[in-house]
Every structure is written in C-alpha cells, then in structure tokens.
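Novice: These are the residues of each chain, in order.
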Amino acid sequence: MTPVKRLLLLLSVTSCSGELIGGQAFENVLGSSPSNTGGGGTTSSGAGTAAGGGTTRVIPPPVVPVTSLRRLSPAELDRTLDDLTGDRSHLAVTLLPGSAYTPFDNDVALQPASAIWVEAVERLADTITTQTLADPTRRAKVLPCTPTGNQDLACLDRFIDGFGRRVLRRPVTAAEKTEFKSLHTQALERGDFLTSVGLIMRRLLQDPELHFRVEQGATTATGTISLTPFELASRLSFFLQGRAPADWLLDAAANGQLDTDEGLRTAATRLVSEPAGHSRVEEFHAMWLGFLALPHAADLNTRLVTESTALVRRVVYDDPGDYRRLFTSTDTYVDATLAMHYGLTPPSGTAFTWVNYGASGRKGILSHGSLLSNGVKQLDTSPTLRGKWIRNRLFCQEVPAPPPNVVADVPPPQQGGAVCKKDRYAIHDSVASCAACHRAMDPLGFGLEQYDRTGAFRSVEATHPECTIEGKGELDGVGQFTGPSGLADVMVSSGALEECTVKQLFRFANGRREREEDDGLIATLTAQFDAKGRRFDALLVDYVAHDTFKHRRLEELP
Amino acid sequence: MKRPSLSRRFVLRGAAGIGIGLPFLEAMWDSRAFAQAAAPKRYLLGFAGCSLGGYDGDIATTIVPTTVGANFDLKPGLANLAPVRDHVSIVTGLRIPPTTNSVTPAGGRPNNFHGNSHAPQLTGMRGGNFTAPTTEQLAAGFLGTTTFPALVVRVQVASYVGADSPGSGEVLSYRRNGTALQGVSARYSPQQLFQALFGNFTPGGLTADQAAQQEWMLRNRKSVLDGVKTRYERLSTKLGAADKRRVDDHLQEVRELEQRVSAIPPPTAGACQRPMDPGADPGVGGGQATSNGNITYSQNLGYSGEEARAKSMCDLVYMAIACDLTRSVLFQFTNTQSFLNMYQITGQRSDLHELSHGGFGNLNENTTTSLGRGINWHMKHWAYLLGKLQATREGATTILDNTASAFCWEGGHGFDPADGRAISAHSTENMAVLVAGGAGGLQKKQHLRGNNAHPAQVLLTCLRAVGYSGTTLGEMSGEIPGLRM
Chain A
1 MTPVKRLLLL LSVTSCSGEL IGGQAFENVL GSSPSNTGGG GTTSSGAGTA
51 AGGGTTRVIP PPVVPVTSLR RLSPAELDRT LDDLTGDRSH LAVTLLPGSA
101 YTPFDNDVAL QPASAIWVEA VERLADTITT QTLADPTRRA KVLPCTPTGN
151 QDLACLDRFI DGFGRRVLRR PVTAAEKTEF KSLHTQALER GDFLTSVGLI
201 MRRLLQDPEL HFRVEQGATT ATGTISLTPF ELASRLSFFL QGRAPADWLL
251 DAAANGQLDT DEGLRTAATR LVSEPAGHSR VEEFHAMWLG FLALPHAADL
301 NTRLVTESTA LVRRVVYDDP GDYRRLFTST DTYVDATLAM HYGLTPPSGT
351 AFTWVNYGAS GRKGILSHGS LLSNGVKQLD TSPTLRGKWI RNRLFCQEVP
401 APPPNVVADV PPPQQGGAVC KKDRYAIHDS VASCAACHRA MDPLGFGLEQ
451 YDRTGAFRSV EATHPECTIE GKGELDGVGQ FTGPSGLADV MVSSGALEEC
501 TVKQLFRFAN GRREREEDDG LIATLTAQFD AKGRRFDALL VDYVAHDTFK
551 HRRLEELP
Chain B
1001 MKRPSLSRRF VLRGAAGIGI GLPFLEAMWD SRAFAQAAAP KRYLLGFAGC
1051 SLGGYDGDIA TTIVPTTVGA NFDLKPGLAN LAPVRDHVSI VTGLRIPPTT
1101 NSVTPAGGRP NNFHGNSHAP QLTGMRGGNF TAPTTEQLAA GFLGTTTFPA
1151 LVVRVQVASY VGADSPGSGE VLSYRRNGTA LQGVSARYSP QQLFQALFGN
1201 FTPGGLTADQ AAQQEWMLRN RKSVLDGVKT RYERLSTKLG AADKRRVDDH
1251 LQEVRELEQR VSAIPPPTAG ACQRPMDPGA DPGVGGGQAT SNGNITYSQN
1301 LGYSGEEARA KSMCDLVYMA IACDLTRSVL FQFTNTQSFL NMYQITGQRS
1351 DLHELSHGGF GNLNENTTTS LGRGINWHMK HWAYLLGKLQ ATREGATTIL
1401 DNTASAFCWE GGHGFDPADG RAISAHSTEN MAVLVAGGAG GLQKKQHLRG
1451 NNAHPAQVLL TCLRAVGYSG TTLGEMSGEI PGLRM
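Heads up: the sequence lines are chains A and B, in that order.
According to this note's numbering, the first sequence is numbered sequentially starting from 1.
According to this note's numbering, the second sequence is numbered sequentially starting from 1001.
Next comes chain B alone, as it looks inside the complex (with noise of 0.2 Å):
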C-alpha cells in the first residue's frame, strides 16, 4: 500500500478532523472539544524464537497451567508473568497441521520444522515461505496514520552462526508494496531505534533564534535527504528490470523517511517524553556455530548484551507508544531458531536451541524444564513492557486496555512428523499464545484451551478486538471461542 506523501502543511491543516496525521495525545482527549472521542487502538505482538518444550519433559509442569478456566496459575516457565497476572490470557492446545502425503492442508506447514513455522503463524497461510502480509502490518493499515506505521524491532542483534553479522536473522515481517509482497527488516539497534523514534524531539523553552536554529538544521538535513531521493529517481530510469527493483525499494526507504523527518514530532506531555539516550549499543558478541549451523557453543560468544537491549527495546517501544509514534508493533526478542549464547542470561551453559535439545549445558533436569528458564527470561521483559502500559493512564483507561496484546513462539511441543519423535522440540502440537490487553472486549485471567484451533486465530480475534473488519486471517478463520466478549 502506498502511504500518502504527509507534507508539514497537510498535517498542520488536517483534514476532515484534526486528528488525522497528529499523534494522539492525552492533553487532546481531555481536551473537552474531544471528549467524545476514543483513544486509539494498538496491536502489539510479541515473539520467541524458540518452542514450548524439549525431546524429554512435560510442558504441563513448565507452561500450560492445571486450571482452565478464570485465575490460572502461573508455571515456571511463565512465573515472570505475575506483576500482570491480572491482565494475561493464555490460549493452549494450539497447533499447525503438519503436511501429509505431500498435501499441506490450509495454515499448515512443511513437516521440517525449522524456518516453516512462521508464516503459518504469523500470517495463517500454509507454507513455509512468505506469501502474505504479517498481522502488524496488516494493523498498520487500519489503527490509523502515525509516523511509524508499524514498528519492527528485534532484541537478539544477530543470528550467532559462524562469522556473524549484526542485523542477520530470518525476516518475520511482510508487508504489501504493490502487488509485490517486502520483507520488513527488523531494527536491532537500540541507538538507532533511539535515534529514529526521538532524534527530532525539540526541547520546549527554545529562544526565538534557538527554534530558528533549529528549523534550518532540520531544513538542511531535509535538502539533503530530497537531493538523495531525487538521484535514486534518476538513476531508477536508467536501470534493466532487475537491478530497478533493487534501486527502487532503497528509493521507497528513503522516501519514507523523508516523511519521517518530516512529521512534526508530538509535544511532550504527559506520559510522552523523550527517553533517555541509550547510549551506545552494547558490543556485539561473535558467533559461535559454525556456518553450517552446527552447534559449538563457547561461553564468550553469541550474547551481544541481550540482557541490556531487551530492557532499552522495551523502553523505547513503551514510549513510541506513549507519544503515539506507532500503534502497531512486532516485538522479537530471539532468532528463530535461536542461538543465543543463555550463559550470561539464565547462567545456562548453553544456547537457548540448545537447551531444548539437550546438547549441553542442562543443569541435570530435563530439556523441557531447561527451556522453560529460557522462556521465563522472555516472560520477564514481556511483563515489564505490559506493565508500563497498564501503569499508563488516557483518560478513564489505560494504554493496555486499548491494546490488543499476543505473545508468540516459534514451535510446540510434541509430535515430530518429520522423524516420528513423540516428544520433540521440532512440534506444532500443543502450542501457546499469550494474550494481554482490554480491547475489543478480550478476557483477562482465562486459561482457554484451543483444541487444536490455529495459532493464527488467536492473532485474528486480537486484530478483530483493535477494530480489524476482516474475519479471517490468510487461510485461517473463526475467533477463538471466550477470548473476546
């Protein structure tokens, strides 16, 4: 979809409703002239590249909780939870239909299960590839325009295989271009995120000549930028058909951060305002499988400072919310597949793949309890990142009551079809989405069991909840029954 081109006056002007193209704002829904309207829908997705479960163990003594039912418990894979306890939701007994006789039924899977998990997931189309857009970018196009249309960020900086390099990791975002379908390359970089979100926020206070400083360095950078734009289009006309393609989606980057640059930042107020400055990234830590992704392992590599970033991303993402700068976001913190280095994390002599496959590095307890100390470690940013927003007043409600919330992992636990292992990692049985959040009418505090309902029905009861019209979610349809009243 092509975003319209927001010139500064259009913004400033509005259109029908002032609304359009400003951040909402919590000063502007007091406002009495607003009083009437809503706070703004936002769908937030989280993601782990790792499964429910290991090749021993039982994940009914890790993650799915005995009751079912209202007030569940909390198992020690998501003990990190109970600060929120009284605002999640969590559906079980999910699952991907593996492919049978060479048939892959719709929302199913190819039956190796590494990298054929995600789309199914993510976008309920069958395959292993990408040929739908993503829920976040799908939310994009209907909670309204903001300056950052769907934010995709990314904890683990790198994939930690052999000789790595940052930003490298499987792409978990899709969105439409036309008729073509783009990756949407995840931003790993909490500085630069930092920068991207907040780097044109104006400190209030400016003398006459300060804020005239101030308009001609953004000015500046704006000339240059158009300059830069205006030579991709020009070299764009000179290129065969392949090599324009290429030039031409770097030309579409920079024209959207043009509009970027462009948008007024909102005015701080409230719970809108600048964070502080990250600093600088933690260093980036090598691989430590070799390239054909065989596992090694060494303490000293694959742990870029993870710990670090998560808390940052989830600070950065809180606040992009809070000023309105996004309403939809795919949060990742792990590869897929991943292997980063637990060490330094959970004091796990392993990687988090390692851990569910029992290679080394398990503590003398099963595979499945091993992973589960991994998950918690999720589970605890994931709490802090919701409870900002539950802390977050608009009005009578809070950030989260008008969020749509969905936490994801990569695989199940269980049946293989690929080997024909009754217990293995490499499963979509018996899958789990964490759901959070007020809106659309979701319930909290319900343990629901999904009777082999799809994962992706899950992501589209949460996308109904925010104000999505369509019913059904690539392939996949039919809410998950009690998740939403």
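With the rest of the complex left out, here is chain A (with noise of 0.2 Å):
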C-alpha cells in the first residue's frame, strides 16, 4: 500500500501534543481506520480484504446504520411548507432557531428542544394558516372543495384526508379525525368553515410527525426496525429533493410499488432527474465544498456561486458522466468581470458561458473562488487552513487540534528575520511535534498560495511585494504539485476522492458522521460507485437501493 493509501486510512483522532515523538511519521497523527480505500478492489456483498504496504484489513459487511429521530431542518420545512400551502417567504429559516452547519444543515446532535423552537413552531403554523387562507390561490391548494355550508362535514372529510396526509406523510387515523371533529365544533362555536380549516390547520402544522422524521416500522426478530412504505418514501424525499414526499410518491408507498428494487429504482430515478433533485445536489455541494454563504462582496458572491453550481450541474446532470470532472475540468463557466478577476481572457458581452481555462494553471472546481475562499486568517490565505479544510473536505481526514499551548489565534509572526510567508511558517516544520500535524496541512496550503481568498492570482505577497510566491506544494506519498490544477491530479491519482464523495453524502443522509461499524457500508457504495464509470446520479439511486436503506438501527443510551 503506498504512504498515502495508509494516510487516508483514517479516523481516530491522537493529540498533537508537546509529547510526540518528533519525527514521527504523521501518517499515524492521522489515524487509522479498517475503510478501504477507493478504486475499487472490495466485493459488493459479504467481506473482502485490502492488502497492501504489509497490511491486510477485512472489510466488513455492510450493517444497518443508526438513525436517530431527527427533525426537519428549516430550510426543509420551509421547501415542504412551500409544497404543503404555497408559502414562499422562507419563514421556517426566519423564525425558526437554526444550528451550526457541520457543514451540512441537519446534525442530529445540534437540534435540542427549547421553548423558542415551540413558540415559533406555533408562530409559523399560525401565521401560514392565516396567509393560505386569505389567498384563494393558496387556499385551494389546502381546500379541494367549496363548502355547501358550515356543517358540509364531506367537504371537510376531503380536507382532512388530504392535507392531513400530506403533513403527517400517511394516513390520517380515525381517532385523529375524531380530534379534529371536536376542533371543527369549536370553530363554529363564533366562527364558520374556514375558521374551522384554520384550527386544524394550526394542529396539523405543529405535529410532531411533521417536525420529526419518525421512523417506527415494524421491528424485525434482529432488533433493526424494518421502515414502513410511508417511512421510506419520506426517506427518500428527504435524502434527494430535502422535501417531504409529494403525493405520487405517498401513493406509491400506498401502492407497494416501493417494495420492490425496479419500483424503488424508478422512484428514486424520478426524485433525482426532477428539478427538486438538482437543487438538492446544488445544496448538498454548497454546504460541503464551503460555498453556501460567501464572505465578499455581494456582487463577486454571487459570480462565485453561479461558477460553481454551473460545474456541478454540468458534471452531475447537464452532462452527466465521470463525477472526477469536478475536479479536472478545464472549462470553468464565467462571464467577463469574473474571467477578467481571474485573468483569463473574458468573453464578448455580458452573459455567461463556458470558457476554456488554457494554460492559466487552473482546473476544475479546486480553482473557483468559492473553495479558495476557505482556509482564511485575518483577511488572507492561512496554508495550514488551507491544507485543513482539503484534508476535512475532500479526504474526509480529521486533523488533530493544536495542543493547549499553542495560540492558534494569529499567524506565526515575523520573527528571527522571517518576513516572507513561507519562512514565517518554516516553525510549523522545525519543531518535531508541530511538524508531525503540520506536515499534513502546510503542503497542500503552500500549493494554492498563488491564489488569494477570492481566487485571484497573484506571484507576491501583497504586504510584502519583495517575497516571490512559488506556490509549491506536495500531497504526501503521491508528488508535488503546483497550483489547483496539480492539486487536482494528484488528488485523483490518490484515488481518495470516490470514498470521501460517499462518506461525505452518508453524513448528509444520516445527519451524523460515520463510525466504524459504517465501514462497509461505505466501501461497498464506494465500489458500486466506480462500477458505473462515477457517475454521481448513479450513486445516488445505488445509495437509496441499497437493502440498508429500508432499515434503522436504534441509537443506543449512552
């Protein structure tokens, strides 16, 4: 196994501390883990091994992952609010208290229960109900019938029925429908048949099974809870298009065209090609590769963003094909202020368009401004982040925190004559137990020097214009590079990218970083995934037909 197939065995993570070893070879600072690495060589069922470079680890078989009750983040609800009553103005993202983005939007462990998630849960159900039904448009969304009169119970049989299935994500029961009689009978007590929908309104928008992602099913002889079809469709809207299921996928499930791989493969086929799905791959890139809020100016953010979203829909759907060409392309979609930023020959006019990266030393998305935005300190490009942030990101790898005495605060100084960025940093490397962290970082920041934290070029150092920017760096055990566009080949000679891709997409589907036992489930996605030449749709539909995701394994009490 060569030096870096060991390094991206990861994950344990061991202190940096003063105690280390100096020269120790910081292929173990970064841990191991039983994963197998990418490009293939494992089976798609039962165990396999790994050999390589005097190690020979058994890969094991698949399990059902844990999943814990979660709730629907507010960008989700505020998507299903949109399909439930045509409400567009984000309100669940306005009222509702968010948590940290890790960097995706649905950590399980960051959704505690608190009296201003109720409140404003109440608040939203209250102000939604009043604005669908004051607008007719709206209002006929949620009410498919004109009442004959206030006690036109058929009439509002059929709104129960209805709207009550699409926010509970299944049926309605009797006893519920009971509940919501005695609401109906109040209503009219001051007020007529609107009244009435608004009441159950404001019920059915604060129900826990809205809110949470219940998944009881029917618990199999092994303890692992087998999902209804009403649960797995809800699992499948939510994972591809981060919205509850729409009614043709609740009548699937009704229908048990879920419970068979061909109906299950089309569902998720149909979930994936709709426009709800490429949003879904769009937000999932955002959050992962760090373009989701931009720190600059609003104008250059909103360039960026369009860049990269351009690419990522190129190589995952508009041209859909080896998903490595998010990585390597050598057209990247620009309109002139955004070439002219950097430094490429801008096209005509003002729209737009593919343009050819040439001999700029740039390729794919390693060169957009959105990713070199990350890895930032005090206003510039800090190596270490830099090679942090691709270590987290693109090799799925965790990097141990500075020791206690470390003020990781500032920048190394000036200091002992050291002026020019690359000597400021050589202290990362001269002390032994600093080194052995640092190795795993500095390289790669150092070779994306030239770029500064919007994207521009640049060959000197802006604060000191005597100190030459060589932009050299080095990835481990597989060669030096200059710039993104060496970056990127080394990257996708390690064959890391494939199995960092799927954890990454595990994470966003389970809300929760991998452990362990995850291994197999990982490596198995991650050979399918080069099976079918890395196509990410592919992935997708694989990741959701896979027998693992009809089932949950219960989280356990600490």
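Wrong hints could be hidden among the right ones.
Said to hold, decoys possible - Computed list of lysine-lysine pairs in DSS-like fashion (alpha-carbon distance at most 30 Å, straight line):
| hint | chain 1 | residue 1 | chain 2 | residue 2 |
| --- | --- | --- | --- | --- |
| 1 | A | LYS177 | B | LYS1238 |
| 2 | A | LYS181 | B | LYS1238 |
| 3 | A | LYS141 | B | LYS1388 |
Just so you know, these hints were derived from the structure itself, not from any lab.
It should be emphasised that the depicted structure is a prediction, and the values quoted were computed from it without experimental measurement.
Build the complex from these two chains, which are given one at a time in their own frames, with help from the hints.
Specialist: Here it is, written out as structure tokens:
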C-alpha cells in the first residue's frame, strides 16, 4: 500500500501534544481505520480484504446504520411548507432557531428542544395558516372543495384526508379525525367553515410527525427496524429532494410500488432527475464545499456561486459522466467580470459562458474563488487552514487540534528575520511535535498560495512585494504539485476522492459522522460508484436502493 | 424541577395566600390588605462575550477604577454607566484558577481559554462543561412563581461564523430536569419575545361580546396546543430510549408553553403596560468568519442590527419585570468569543473578538483601549435598563432597590496559562463583576478588590441578597466581604 493509502486509513484522533516523539510519521497522526481505500477492489457483498503496504484489512459486510429521530432542518421545512401551502417566504428559516453547519444543516446532535422552538413552530403554524386561507390560490391547494355550508362534513373530510396525509406523510387515523371534528365544533361556536379549516391546519402544522422524521416501522427479529412504505417514501424524499414526499410518492408507497427494487429505483430516478432533485444536489455541494455563504462583496459572491453551481450541474446531470471531472474540468462558467478577476481572456458580451482555462494553471472546482475562500486567517490565506480544509472536506480526514499551549488565533509572526510567509510558516516544520500534524496541512496549502482568498492569482505577497510566492506544494506519498490544476491531478491519482464523496453523502443522509461499523456500507457503495463510471446520479440511486436504506438501528443511550 | 401545572381555577382561587400564582402588582402592594407584604425580589444577570483587556495595554486605564472604596471613578470602558453611577458597585481582581499539572482546582478551568470559563463563572463548578444549574435558573426556584420562571435572552443573533444560522451560539443557561441537566436556549428575537411575554395581554374596556370573542380565541389556541401535546405524549410511548428522550424534551416545552398560554396576563396598571410592538426583527446578517472560526472580517457581515435589538430587549425585559412576568433574568448581550461586527456600533472596522486580538481595525491604539470601546457599548444598554428599573417605584422603594444585579465578562486580563503570555485576552486573571441593586443590603458606589476571589462568589452574594438559602454556589463558598451589609 502506498503511503498515501496508509494515510487515508482514518480516523481516530490523537493529540499533537508536546510529548509527541519527533519525526513521528504523520500517517500515524491522522490515525487509522479499517475502511478500504477508493479505487475498487472490494466485493459488493460480504467481507472483502484490502492488501498493501504490509497491512491486510478485512472489510466488514455492510450493516444497517444507526439513525436517530431527527427534526426537519429549517430549509427542509420551508420547502415542505411551500409544497403544502404555497408559502414562499422562508418562514422556517426566519423564525426557527438554526443550527451550526457541520458542514451540513441537519446534524442530529444540534437539534435541542427549546421554548423558542415550540413558540416559533406555533407562530409559524399561525402565520402560514392565516396567509394561506386569505389567498384564494393558496387556499385551493389545501381545500379541494367549496363547502356548501358550515356543516359540510364531506368537504371537511376531504380537506382532512388530503392535507392531513400530506402533512403527516401517512393516512390520517380515525382517532385523529375525531379530534379534528371536535375542533370543528368548537370553531363553529363563533366562526365558520374556514375557521374550522384554520384550526385544524394550525393543529396539523405543529404535529410532531410533521417536524420529526418518525421511523418506527415494524421491528424485525434482529432488533432492526424495517421502515414502512410511507416511512421509506419520506426517507427517499428528504434525502434526494430535501422536502416531504409528494402525492405521487405517497401513492407509490400506498400501492406497494416501493416494495420492489425496480419500483424503488424508478421512484429514486424520478426524484433525482426532477428540478427539486437538481437543487438538492447543488445544495449538498454548496454545504460540503463551502460556498453556501461567501464573505466577499455581494456581486462577487453571486458570481462565484453561479460559477461553481454551473460546474456541479454540468458534471452531475447536464452532461453526466465521471464525477472526477468536478476537479479536472478544463472549462469554467464565467462572465467577463469574473474572467478578468481570474486573469482569463474575458468572453464577449455580459452573459456567463464556458471559458477554457488554457495554460492558466487552473483546473476544476479547486480553482474556483468559492472553494478558495476557505482557509483564511485575518484577511489572508492560511496555508495551514487551507490544507486542513482540504484534509477535512476532500479527504474526509481529521487533523488533531493544536495543543493547549499553542495560540492559533494569529498567523505565525515575523520573528528571527523571517518576513515572507514561507519563512514564517517554517516554524511549523522546525519543531518536531508541530511538524507531525502540520506536514499534513501546510504543504497542501502552500501549493495554492498563488491564489488569494477570492481565487485571484498573485505572484508576490500583497504586504511584502519582495516576497515571491512559489506556490509549490506536496501531497505526501503522491507527489509535488503547483496550483489547483496540480492539486487536482494528485488528488485524482491518490484514489481518495471517491470514498470521501460517499462518506460525505453518508453524513448528509444520516445527520452524523460515520463510525467504524459504517465502513462496510461505505466501501460497498464506493465500489458501486467506481463500477458505474463514477456517475453521481447513479450513486444516489444505488445509495437508496441498497437494502440498508430500508432499515434503521436505534441509537443507544450512553 | 418539575413545575406544577397551574390551572386557571387554581390561579383564581389561590392557595394559602392569594399572592401565589398571581403577578405582584403595585396596586396590590399598596392595597391596605397587603400593606405588610414585601415587594418581590429580582435577580438580573448580564453577560458580555469578551474579556476585559487585550494583548497589550492595561485595564487600569479602561476598566479598573483608581479609587478603591466609595465613590469610585468610571474609566472610559465603563463611562456609559454615569447615569446610574449611584447604584452600581464593582468588584475587580477576581480570578478563575487554571489547571496545573493536569489538576483543575475547585471552580477552576481547563487552560484552553475559549469556551471554558463560562461554567466555572456561572455555576461555581470546575471544568469546561456545564455540570450544574446556572444562577438565574437557581433563582427561579426560590423567587416565587411567575409565568416565566427564568427569562433567558440574548442580543447577538448568531455566532457569525461562516454560513451561519440565527440562534447559533453557546448555551449559557442550564436548569435541572429531573436528574438531567438541560440547556436552555436564549431568546434572540425581540418580536418573538414580545409575543411570548405580551401576546395575550387583553386591552381593557371590552364589550361582553368582544370579551367572549377573546375567550373563544384563547380556548381555540389552547385546544390546538393540547392536541399537539397529546400527540407528543403518544409518540413518546412508541420510541426507543434515546429517541424518547429527545421527544420528551420537546413534550416538556409544549407543556410549559401551554402553561404560559393559560396564565392570566397581569392587568395593565401603574408601570405595567403592554409595550409597543417592536415590529419585525432587523434582518439577519451573514457570518463573516469561516467555519473554522478563522477571522476574515467583512464590513457588511456579522451584524443584524444589534444596536436596535439591544434597546428592544432592554425594553422588553424591563416590562417583563415591571409586570412581574419574571423575577429572574439572564441577559446575554454578545456570544462567547463574539464575532459581532463593531463597525456600525462603534465605528471600529473589526469584530468584538478581534478588538482584543489586534487583527485589524484598531485605530492605532492598543488592544485594551480598543476593546474598552466595545465594552462601553454594553454599558450603555446596561445603564439604560438599570435606569428604568431605578425609575420605577413600588411602594416606597424602586424595582432596582429590590433587585440584585450582576454583570459578568467572559474573561479578565493578564496571564494566559495556555501559552505563558503575561498580557493576554485569554485570561481569567483580574476579572471583574459589576453589581447593582439594593436587595439584601447590597452596597452601592463601592469599588471592592476581590483579592483573587472567584467571580462565582459575587454571584453567590447576589443570590443570597435575594433570599438564596444556600451558602455555596457549585464548589465556591463565601460572599465577597463588604459587598453586602
């Protein structure tokens, strides 16, 4: 096994304490894990082995992941409310407390109960109900009939059955209908039919089965829960479109169409290829690759997001093919302003168009100002933080935190005659206990140093023009590189991208980091990804078609 | 602690002493029947997410008064307290001890500064994680029953780190829930707080029909909430243990919301009036630092109108106290390690954290002086709130007379045990706590030197001033000598 493959066996975090032995190989620092590397080589079922570098590892068979009871993220709730009531005002994102992005917005550990949450949900229900019933077009979405009078129970039933099924993501029960009828009676004390609809809407829009993804299924003999068809429909829809299942998908669940592999794949393919599926892919990439919210001037931010989104779209569904083209693409989607920002020949006119990178040294999404915005310290790039970002996001590797006696708030200062950045950062290498971790980060970051925090090219340091920037870097065990084009090449040849992509999808799907027990599933999916020409859309369908997707295991209390 | 379910009938009938469950009102206090009744006590804790000084400079120039004892001078960092200088005291020279040879002493902290000073300061327990209830939650347990046992509010909307969400940031309030310790998220939306506190205030002078309409609408609201609560209860019975805990936490919040909705609003009389609707919250500004917490600073990010929000929150908290909707408050202005953009607040092109670290925007002055300007902004709003409490009479006293108030900072200034620097913002040496109010013999206009007492001892003094029967706060004991007579 090459050093980089040993490097990629991750994860258990050790501490770069002052007690580290000097010269310790940083492969050991990044830890080890039994997961296989990318590039194929495992069988798709049962245990497999990976050999190399003197280490033989047994790949465990895929196991059903542990999934916790999760809330909808505010963004998922907003899209769901739009489908339910036509509300486009992003009320959930506005009213509900959000959680930190890690980098996704659905981390189950960051969804605490709070007074502000239940109050915000009540207010949300009240506001949306009032606005929906006041707008005839939106009212028609929820109320499919015109009541003949206040006691038109047939119309009320149609409303409850239709709206209720969509909100609860399953048919309404008889007990619930009884409860709603009593609300109806109370409403009519001083109100009319619409008052009753409003009360029932407020009740449904606060229901825990709207806000939580309940997956109770029918527990199998092994203690693993098998999802009901309706629960599976929800899981498919939330993963692939970030919203509650549409009527056709609920119908498919009711009709048993999700019970067969073929039916499931048909539904998944439809979800992936709809506009909402495309948006979901873009949202996944924006969170994963750090361009959900950029810190520059607004018009630059908009251009950078346009550029990166276009490349994702092209690679995944406009021109589907090898996913690695996200990193190796020789074209980028820019307008004249952005082209000039990058030092490329601007296209004519003002529209965005695909422009070839030529000999600029750029290639793929690593060249975009969006990604290059990450890894910044005090208004300038930090090679350490850029390297750490690449390790975390693109290699799925953790780097231990600095020891407590290190102040990481500020960049390495000028000292002992070191003025230029390369010299200032050399201190990371000169102290053995620092080098153990920094060798995993700094060489990667320095390879991108000729590109500033907005992705523009520079050959000298802005505050010290006498300091030339070489922009030379190294991916340990693979090779040296210069610039994003070089980094893309070494990353692709490392074979690590595929598995990390699958891992990020796993995290996105489950709202948590993977554990050792999840390695078998990740290895299996990675092998399928490689086998199908690395098509991302195929990966999504294979992900949900895998048998484990229909099940969950319960989280255990500590 | 499980709070009793208050039904309307219970509240109307009352139990031993009609005062139970009903808000204390100036009108009642003045009534002859209750001439002997004492005004309720209040506990008000403020918090700033910054230290006292930076990586250079001296807090003797910005914070620490030269005079020790009575009638102390206000340095520039506290200058905005001038309108209430007759009502505040300050204890300086406090200390949270660090860890030595891997041993953390009682009330001490891990040496890595960020995130590790809050639990010792606010609970008196050692360690970086919260392991005990915080003081405003303790106070809620003995100050008497109010609709909001403890009110936890925060001005800064989000942590402003990367792609950010409103409501993000460290939790600083913890209460007991059975055997578990539960974090209490701060209310950061003035509009939502207004609705929660005053949404059910009924205007006077209603006709019989209007009153019936109000009653029916409230009944509708409660029926809906009751149905939601029942759903949570049924769901809870079906879940595995870990999922059940999650749902039970939400169920409890729904139950408590039901109680608040059921509580009779105080009649508007005297100082208690329905405040003006603060309107829609100012827009939320995006995060400026990247998600690794690295500082980028953009002039246009990291700000969500906190200047206006601070004023709104002060007005709402004041009226919540004046209407006796609460007697215990944690009022957090800024997040810990705050990246709040200071440009629109003080004109400094920096964030609050960077003011002490000297990254940028320091106007050619030392970091301690820079930070002092940021601190003084907090003091402006704190003085405003204290001033309103002081201007509100209840009988022969004012609300502030019956209050014990403390204002803490996240850190102090001086030695950093993590990197050995002598002058650092990452320090819990030379901490200070501002004290205000007259409850329980609290002294005013005094600058007391703490002599390395623990800041939790100041909080303990304040708690005891309003009737806390305990003699310890966490692992810390001993009131600050001279702070209370």
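Novice: Now look at each hint and say whether the structure bears it out.
Specialist: For each hint, the structure was consulted:
1. With a C-alpha separation of about 21 Å, the suggested pairing of A:LYS177 with B:LYS1238 holds against the 30 Å cut-off.
2. Distance restraint check for A:LYS181 and B:LYS1238: the Cα-Cα separation of roughly 25 Å lies within the 30 Å cut-off, and the hinted pair is therefore satisfied.
3. At roughly 50 Å between alpha-carbon atoms, A:LYS141 and B:LYS1388 are farther apart than 30 Å, so this suggested pair is violated.
When each numbered hint is compared with the structure, a violation occurs for hint 3 only.
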